[in-house]
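Got chain A sorted already, so can you dock chain B onto it with the hints?
Quick mapping for you: the protein sequence lines, in order, are chains A and B. Numbering-wise (our numbering), the first sequence opens with residue 11 and increments by one. Numbering-wise (our numbering), the second sequence opens with residue -1 and increments by one.
Some clues are possibly wrong.
What the hints assert, rightly or not - Derived DSS-like pairs (lysine-lysine); straight-line CA-CA distance at most 30 angstroms:
#1 A:Lys105 x B:Lys165
#2 A:Lys105 x A:Lys146
#3 A:Lys146 x B:Lys165
#4 A:Lys217 x A:Lys146
#5 A:Lys105 x A:Lys217
FYI, nobody ran anything at the bench for these hints, they're computed from the structure. Small disclaimer: the values here were computed from a predicted structure and weren't measured.
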Amino acid sequence: MAALLPVETFDERAKQTIADDRPPAVEVLSAEKVFANGARGLAPIDLAIAEGEFLTLIGPSGCGKSTLLKLIANLIEPSDGRLLWWRGDFAQVGKEGRRLAFVFQEPTLMPWARVEANVRLPLEFANMPRAIADPKVADAIARVGLSAFNRHFPRQLSGGMKMRVSIARALVTNPNLLLMDEPFGALDEFTRNRLDDDLVNLSWERKLTTVFVTHSIYEAVFLSTRIIVMAANPGRIFRVMTIDHPQPRDQGFRDSPQFSAYCRELSTWLAEASLQSAGGGQK
Amino acid sequence: MKPLFESETFVCIAAPLAVGVVLFAVWEIGFRLAAVPVYLFPKPSDVFSSFLQHGPSLLRALLVTLRVTLQAFVAAVILGTLIAFMFVQSRAIEVSLFPYAVLLQVTPVVAIAPLIIILVKNTQLSLTICATLVALFPIISNTTLGLRSVDPGLASFFRMNRASRFKTLVKLRIPGALPYFFGGLRISSGLALIGAVVAEFVAGTGGRSSGLAYEILDAGFSLDIPRMFAALFLITLTGVLLFAAMVGLSQLALSNWHESETRTET
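Next up, chain A with everything else stripped away, as it sits in the complex:
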């Protein structure tokens, strides 16, 4: 079974963290994060995320995957090293073709606002007139299949539907880079699979560059073109797995022996990453 996989040796790691010939959307250049209490959240990391890539960060707790995502979102600053977005600094992010959207672990909707008002919010930040914003809002809501619910309040929706609203709110600005921090972690597996199906199509259709954080091996394999396995103490890139299967993917991929083989391999790597994370490496 293992023969199906393009198993990478350790030496190729450095090469793989720099993606193929496509232009990078994000470059992480020896960025590290030391927290105020002195804890090393992230050892210096080098990573290039190519345009159109679906990159997943996975690893044991404390491996810094969320920290890395926050660095990419510019929610926090690196203690040392730097990041580039489309080969420039963060100031030019937000311009046409260089938009970034973030989806949180929770739906984080405004409970007092209807679905349409929640989705319209990012456009209001941009002071877009209602006449221009409304069709975009309707389109984003339709894309996540909630057109019938646009006048509903969040409390009237299920957990999966709220997450869809959250995704619609991210899509409404027509982002190029989509960052997602365990967005479906709180959902049941059936709902999660359906949302994963949608996400895979969506990122393909819109040619999104996606960085996704998850704990689920199946989700990581199903969605990603590349998986970064991280280890803790200090947070670092442990290994990189390339999922060699054409996108967009469907249930057929989940049922394939190739999928199972990838999952098994990734599971082994995660176990090793956990072992490596336990004691060693702390300085």
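What follows is chain B alone, placed relative to chain A:
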């Protein structure tokens, strides 16, 4: 469609009403049998006939008290909200001024009312000031708490989208503060009435006011206990109606989204 007696609204109104009817009946019949003299403790029927007899003067007094109460309430809401907005602008402002807000709250209004009545010539105004001081604190503390209680996830979403300070206030802080604000309104409306009545008591001895407190004092001097009770009932009724109005307002504003006002669907 459920039968009427099973509907929650009906039960919520009917049950306390039934308790009230029973209490009044026991009071009326018991005091009749025991032949308690009217000048010691009147029966409901005595109070009612006194109300019919003194109706116009009592209602005039009610209007005076109500005016002070509403003026004080509105002033407390405006002032309290403004102060709360000031407090959330910076921690330094809140830390340095909040103790004084507490000071205001713990000082009994009876103790400062004479001073205010002496300092402010206009009786109506001095009463309103006293009642405002009583009603102010719940608005300040609740609204401040509400404006601070921002969902951290939403807050970072706003920050990430580079939302202006003004947009964050209008779209995030103010809507989020509403449930707390309405909680403050409920407490404050009752306190405004209490403040108005207490201030009238203090001022009323001078005979310059003609509010319900003055009616009570006046009835006391002339041992007209049924009139005293009639005035008392009017005050109570006003308080209950004010409270109900605040509950209605809060339901109107929050019923769509906030847990406190949404009925659990079964």
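Original post:
Any of the earlier hints contradicted here, and which numbers?
Top reply: none
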